[in-house]
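**Student:** Chains S and E, in that order, give the protein sequences.
The first sequence runs contiguously to residue 65 in this note's numbering.
The second sequence runs contiguously to residue 151 in this note's numbering.
Please note that the accuracy of each hint is not assured.
[Unchecked claim] Okay, the calculated beta carbon distance ranges per label pair:
(1) Ser39/E - Pro12/S: 23 to 33 Å
(2) Asp54/S - Glu59/E: 12 to 22 Å
(3) Asp9/E - Glu(-4)/S: 35 to 45 Å
(4) Arg104/E - Ser34/S: 18 to 28 Å
(5) Ser130/E - Pro12/S: 19 to 29 Å
[Said to hold, decoys possible] Just so you have them, the derived chain E footprint on chain S, three or more residues with Cβ under 8 Å:
(6) -7 to 1
(7) 5 to 18
(8) 24 to 31
[As the list claims (entries may be wrong)] Over 10 Å on every C-beta distance to chain S, these chain E residues come out as not near it, computed from the model:
(9) Thr10
(10) Cys38
(11) Glu41
(12) Leu58
(13) Pro60
(14) Thr64
(15) Glu81
(16) Pro84
(17) Gln85
Calculated directly from the structure, the hints in this document are not laboratory data.
No experiment lies behind these values; they were computed from the predicted model shown.
Beta carbons: idealized from backbone N, C-alpha and C, even for Gly.
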Amino acid sequence: MLFFRSEDQVQAWCQGRGVTPRPLVRMAQLWEMAVAWYATRLEPSARRPGPDEIRRIFAGVGLNDAFWDPQADEFA
Amino acid sequence: MDFDTQVKLTVYHHFASTARAPQVAHVAAQLGCSLEDVRQAYARLRANRVLLLEPDGCTIRMAPPFSGVPTQHRVEVGPQTYFANCAWDALGVPAALHREAVVHSRCGQSGAPLRLHVGTTGPESSTWLFHCLVPAAQWWVDLVFT
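Work the whole structure out from these sequences, hints included.
**Tutor:** Okay, structure coming up:
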């Protein structure tokens, strides 16, 4: 899970490793993911989100691809 | 509050206040329990994907978003410098602490430096991107690689 300066840099990185480029995430989306995952992490009630909640978190920031599904058969 | 939650919170609050992983002896002293009690709790927390441990079973490698080892993702919060496990966790540190931060990282391809101010409501405008190679269904197969 890395930062890249541009889409071209992602393409070059993937090409150099012979891997398929994955969905790109903008910084504002990444912040929403970070808040959803970690904003309550220091609280007693904090817990890992379950599969359905994970899907809702990603869908809420516009990431609906099966790549983000924690139980996707094609990736399991 | 159950014992594992107490251990987890002790670990997390130590990371938050010191930017480093606690020793098992520190956690045991804080909770008034044995070292073995803490080790067993660590193993359960690992099984529940809360902590990632080194092979010794008592050294914390990751308590996401915090890293127990130096990484390329540094997060400055006031006088403290935290290490994050990945780009996502680099934003996770200020999100968890509810504090302003400056994230220092680099482009995965070119190595160009990233310096990103993150306020309590989000990062400054940026055209940088986040890319994750490993699908969500496989993240915990090898979390260090992920």
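**Student:** Look at each hint and say if it fits the structure.
**Tutor:** Verification of the supplied hints:
1. Ser39/E - Pro12/S: 23 to 33 Å: Cβ of Ser39/E to Cβ of Pro12/S: about 46 Å, so the range 23 to 33 Å is violated.
2. Asp54/S - Glu59/E: 12 to 22 Å: Once the Cβ atoms are compared, 33 Å apart, the range 12 to 22 Å for Glu59/E and Asp54/S is violated.
3. Asp9/E - Glu(-4)/S: 35 to 45 Å: Holds: the Cβ-Cβ distance is about 42 Å, inside 35 to 45 Å.
4. Arg104/E - Ser34/S: 18 to 28 Å: holds (20 Å)
5. Ser130/E - Pro12/S: 19 to 29 Å: Distance hint for Ser130/E, Pro12/S holds at roughly 21 Å.
6. -7 to 1: With 7 residues close enough to chain E, the hint holds.
7. 5 to 18: holds (count 10)
8. 24 to 31: Three-residue rule met by the segment 24 to 31 of chain S, so holds; n is 6.
9. Thr10: It is violated; Thr10/E is separated from chain S by about 6 Å at its closest Cβ, not greater than 10 Å.
10. Cys38: At roughly 18 Å from the nearest Cβ of chain S, Cys38/E sits farther out than 10 Å, so the non-interface label holds.
11. Glu41: holds (24 Å)
12. Leu58: holds (16 Å)
13. Pro60: Holds, because the least Cβ-Cβ distance between Pro60/E and chain S comes to about 23 Å, which exceeds 10 Å.
14. Thr64: holds (20 Å)
15. Glu81: holds (16 Å)
16. Pro84: holds (19 Å)
17. Gln85: Fine: 14 Å to the nearest Cβ keeps Gln85/E off the interface.
Checked against the numbered hints above, the structure violates hints 1, 2 and 9; every other hint is satisfied.
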